[in-house]
Each structure stands twice: as C-alpha cells, then as structure tokens.
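Undergrad: Sequence:
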Amino acid sequence: VSIALNGLVSHLDIAAGTADGTAPLTPRLSDDFPSVLSLVSGERTDLGYQAIEVSKEPGTCFAYSGGGFLVLQHLIEAMEGAAVEGVCRPFLDITGLSDFSFIPHDLPRALGRYALGFSDTGDVVAAPTGRLAFPPFAAGALGTPRSLANFWAELIAAYTDTARLTPIAHATAVAVLRDNVRDLGSVDFMGARMGLGVFVMDAGPNKVAVHQAANEGFRGVYIACFEGPDVGKVMVVLSNGDNYAALLNAEVSRLLLRRWQWKGVNGAVLEEDAEFIFRDIPQEQIVNQAYKALVFSAFEPSPA
1 VSIALNGLVS
11 HLDIAAGTAD
21 GTAPLTPRLS
31 DDFPSVLSLV
41 SGERTDLGYQ
51 AIEVSKEPGT
61 CFAYSGGGFL
71 VLQHLIEAME
81 GAAVEGVCRP
91 FLDITGLSDF
101 SFIPHDLPRA
111 LGRYALGFSD
121 TGDVVAAPTG
131 RLAFPPFAAG
141 ALGTPRSLAN
151 FWAELIAAYT
161 DTARLTPIAH
171 ATAVAVLRDN
181 VRDLGSVDFM
191 GARMGLGVFV
201 MDAGPNKVAV
211 HQAANEGFRG
221 VYIACFEGPD
231 VGKVMVVLSN
241 GDNYAALLNA
251 EVSRLLLRRW
261 QWKGVNGAVL
271 EEDAEFIFRD
281 IPQEQIVNQA
291 YKALVFSAFE
301 PSPA
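In the UniProt record's numbering, the protein residues as written are 1 to 304.
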C-alpha cells in the first residue's frame, strides 16, 4: 500500500480510531503527554487512541480524521530529531505566528491570558486549566485569532505573487489551494472540496478557503478569500463554548459577510432568520454541518 504525504493532510489515506474508519475525531488526551509514535502505534489505548490504520484504498474517498496528521507529525519529528515546536518555530515567527505554539502548557509570557473552555451548561472544561490537551498536529496547538489571520495573509500573498519564494513559496500556496483541490466526499461533509489541509469553495467569482475547529469547550471557523474581487479578506471567529458557540460563530460570520459585502455571497440568504437543530446529528459532525447550513449555503456557484 502506498501512502502519499498529500493524502495525510487531505483525509484521503488514513482513518483514525476503528478499523472501518468510522471514528472521525481524534479522542481526548489526558495530562499524560506520550510520544506521538506511541499514539500512532496503538500503545496508548488507555488514553483513547487506537492504532492508526490504512482502512481504505488510499486516495479514493474522504473520511475526516486526525490520524494522517499524527503520522505526519511523527515523520517530521523522526526526520528532524526534534519536537515539532522547535522545528516549526522559525517559520511560525516569520509568518506572523509569534502568538501560536505547539506547546500544550501555558507560555510564561502569556500567563493568565488563556481562554477557559466552557460546556453548554456553563461549566469550565477540565477545571482548573480550562482545556484538554491534544497532540500538536491533531488539535493541540494554541494561539490567537490574529496569528491565524496573519498566516493567511502570508499564504494569500504567496498565492498571488508568482515570484514569491519566502517565507511561503508561490508553488506551495498553489499546491495547497488549487492543484490538489477535489471532491471525494468532502462536499457532503462540509459543502466544500478538499485541498491540502484546507477546504476550498466558490463564492461566485471568489475562491475561498475555510475550516472549522472544535475541541471540548471551544469552537471556531475561518473564512479566507484567496482569489477574486475580495482577495485578502479574512475572518477568524473563535469562541469558548461548545455546540451553542458554533451557532454564535455562524451568526458572527454571517454578520461580517453582510457588512463586508462579499461578491458571490447571497445576502438575502444571510438576512433570513436561521435555525439549526442539533438533534440526530452525530456530535463529531455538528460543527461542520452548522457552518454548512448557516453560512456556506449562501455561497453562490462560480459563474460559467
């Protein structure tokens, strides 16, 4: 079986959890921080991590899973002989992500500034820390909305500038956002095609990158226009709550899209009173289905 690096970040090659690939989210990690190899190999089933398996024909169908990112993290750390925080730190700093870290603990310079996660009943998640810990490449990074927006500014600049070589090469941006974009099941999941680690959709004449975020006590979404008349417009919406926070994020996104008057977005749809019912939707799909129904449904197809 041949596994491509592209497939690891496109949810095409590896399914984490059960043998048939039906566990779409990486389970929680306790305060114990084992090596990523022990998670990939299935040595830490006590933490809820089953062995990562190739349980489908690679490159044939989309199945949302953190498993590929765990494998990618292990490969990078094995090649570099260092943890990903140290490997990535120089790149993160020059791309505007100084407030972003793969370290799960509070950074000394940011003590007291970390948001606490809350359940829908108002309880603090994993009190007193206010958050669970996850592997760095599979939901474990910590950062600010501005740092993520800064990264998107760099990626969009690289996509637009054909001569760009650093800090992100034009060829890299094109590979992420255009050349590897396809639908092998991601449209049903998110209403968008899958690129390299990012969902891509049309909004009329615009090309837009999106991704959802969900950990216990936290929800998020970003929407970034990388091509078209609204190129460079980016929103990163984060909130510290559970399922109801996804509805808040959707409402904020709808408001910003109306205020910024993006081309290719149906304002009438965004003006309508929206309702989203959680009932009968699997927990791991509530966030993406909410954004798909409440926000992305207003995105119009590309003109012929």
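Note that these hints are calculated values from the structure, not bench results. Mixed in with the good hints, there may be bad ones.
[Stated by the list, open to error] Computed cross-link-like contacts, SDA-like style, restricted to lysine to any residue with a CA-CA straight-line distance of at most 20 angstroms:
{"no.": "1", "residue 1": "Lys233", "residue 2": "Ser147"}
{"no.": "2", "residue 1": "Lys263", "residue 2": "Gly220"}
{"no.": "3", "residue 1": "Lys263", "residue 2": "Ser147"}
{"no.": "4", "residue 1": "Lys233", "residue 2": "Glu300"}
{"no.": "5", "residue 1": "Lys233", "residue 2": "Gly220"}
Undergrad: For each hint given before, does the structure comply? Return the numbers of the non-compliant ones in rising order.
TA: 2 and 3
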